[in-house]
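Listed below are the residues making up each chain.
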Amino acid sequence: MATKTKAKTGKVRTPGKRAQSKQAIRDRIVKAALTLFQTKGFDTTTTKAIARRAGIAEGTVFNYFRTKEDIALFFFEEEVDHAIAAVRDDPRLRKAPLEEKLFKLVHSQLEFLAPYERFIGAALLHALNPASHLGAFSHRAQQLRHRYLAFVAELIEDSSPRRKNDAFSWLVPEAFWIYYLGVLLFWLYDTSKDKQHTLAFLDRSLNVGVSFLQTGRR
Amino acid sequence: MTNTPTRRAFKVASIGANIAGSYLGYVLQSAFAGKTTREQKLKTTHARVARKVRDEMLLMRGPAMKLGQTLSLQTGILPEETLAELATLQMQAPGMHPSLVRVQVKTSLGKEPEELFETFSPKPFAAASLGQVHDATIHEGKRVAVKIQYPGIHDTIKSDFKWFRTITKPAQASGHIPKEAIDEMEKQISAETDYKREADNIEFFRKGLAPLSFVEVPGVFREYSSDKVLTMTFVRGRHLEQFLASRPSQKLRNQVGTNLFELFFFQLLKLGAFHADPHWGNYLFNDDCTIGLVDFGCSKRLLPASLEYLRGAYLYPGSRHSPEFRRLLETNYDNQGKKPSRAAIRALIDFAEEYRKVYPPEKGKQFVFDFSDKSFLTNYIRHATNLFRTKHVMTDYIFMARAEMGLYNTLHALKARVPTSEIVRKYL
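Sequence order for the protein chains is A and B. Just so we're aligned: the first sequence equals residues 1336 to 1553 in this note's numbering. Just so we're aligned: the second sequence equals residues 104 to 531 in this note's numbering.
To be clear, the hints were calculated from the coordinates, so they are not data collected in a lab. Everything hinted at is true.
SDA-like mimics (lysine to any residue), calculated; alpha carbons at most 20 Å apart, straight line:
| id | chain 1 | residue 1 | chain 2 | residue 2 |
| --- | --- | --- | --- | --- |
| 1 | A | K1430 | B | G198 |
| 2 | B | K214 | A | E1446 |
| 3 | A | K1430 | A | A1420 |
| 4 | A | K1430 | B | H200 |
In this text, all values refer to a predicted model and were calculated from it rather than measured experimentally.
Just chain A, with the same shape it has in the complex:
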């Protein structure tokens, strides 16, 4: 979660005390909710239990989030922000090849999700439910996906700027989304020590994928 915001002038200003305290409460709610999602399960966790764990009144939770699905979505938004920042803010990646940038992006996501693995499995199932707020078809989830894929498209364009208006350029980020879900599933079911299989899978598949993309575009 960002602790500093950029004003229109471009100067960095520290948020006021009131905003800081609001942010601290929000963080407490999210942390409590995730711990419960992970230990008790997503479906059985109630907002009441979240409030109790966070040490606040249930009503206060509703000041911040309408439902527990909203809390989960907030967490996924943070995950995407974290991963994008990890790639964008790393000076060592500036001249790195596309496969390395994509590796860093996906790995940062997995690293962020790692403490809540059990919950991620449950959330993936929820994502398939069209009626769920958490579902892939909800407006907020769609927005998040677009933001994520816009960044992927940006990375791809950076790697071969001459091909920016390629007829298939819209297709690649979409394909990447399916690939990402595949990686997530692989990671969830990976029982190897330190998830070494996922690392190898990620590395090899990105190498093959990017080389396929670049050969196909040449």
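We have chain A; now place chain B onto it with these hints.
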């Protein structure tokens, strides 16, 4: 690499199928052919398959290459030169970009390499079996070599072997590829994935080889090492190709060759354990005739009985066709609970005769063997191949054969003249 198990499996399968299948095909056809036709058919089959197998193995460069190399020796489908070439090749893992390197180090040691080391070069300076080596410095600017393992390699090896066992079932049943040989290879190759074990090996050899002043073995920094990361002192020297490119004098090549030869026999006969990966990247040569030895992932400790036999056989004074020598051979098999076939005894006697040319027992200091003689290398490999094909090779010697073949190939490249008998006698 787990993403391509099918592709890898097909490759391993194709090597296995080429080796086992071609042989099986030959056995089937030969049942209906006369002796001359049989020999002709065997030659044609081998020539056709040899090129393909060699190319496949060179392409894979992974654990399957090592597996294929050892098995080719057993089935004799590759020409002698290619076998020697394969013995000194390195198994290689795919390269890792800096981000993957950082993840591997962090997962293993809790910190990214840039935090852990004073300086760390994100680009590797050498490929190592199963990983890559990076240049770094630790406290007070001490230069170190950091070996980092490619993720999931242990399971890749397991999966390669699983497929290999399946595909070679017919050859195992016929005894052409003994199950114990595959077990031995899997044990040795899998052991290479454990860098903690390699650190133990390095410490063993560093201590054991201390009496040889011309050998440099790296030191291990345990606090910067784990099962997937190995930090060692930097060993100076040039690889064989670079060393030879500097056109060293015959005198220098002789001395380096002599040291290399002594290093092998000291390990074998004094330590009873040896560095079993004779890949050229593992030896570093210097103009002062010192040799740096690196990468101790594949090292082999011989059984006391195997060692006992070697001590008796290397400079055996009498005729190798004598009943006494035959008894020496039989005792060795007996000690390991095996019974050799007559063909195996014959092949061993022929092999020992070949050795006699290199290590004449009656000759002393004045005898020098010239390894520039190519016929020796091809003869040695031909005899080794004949022996392997009798299906009665003791598994304990599989990795020794690889190391010895690598040694001879290196000495041949050096065109070194070495006082062989004198050195062997020193350590008997």
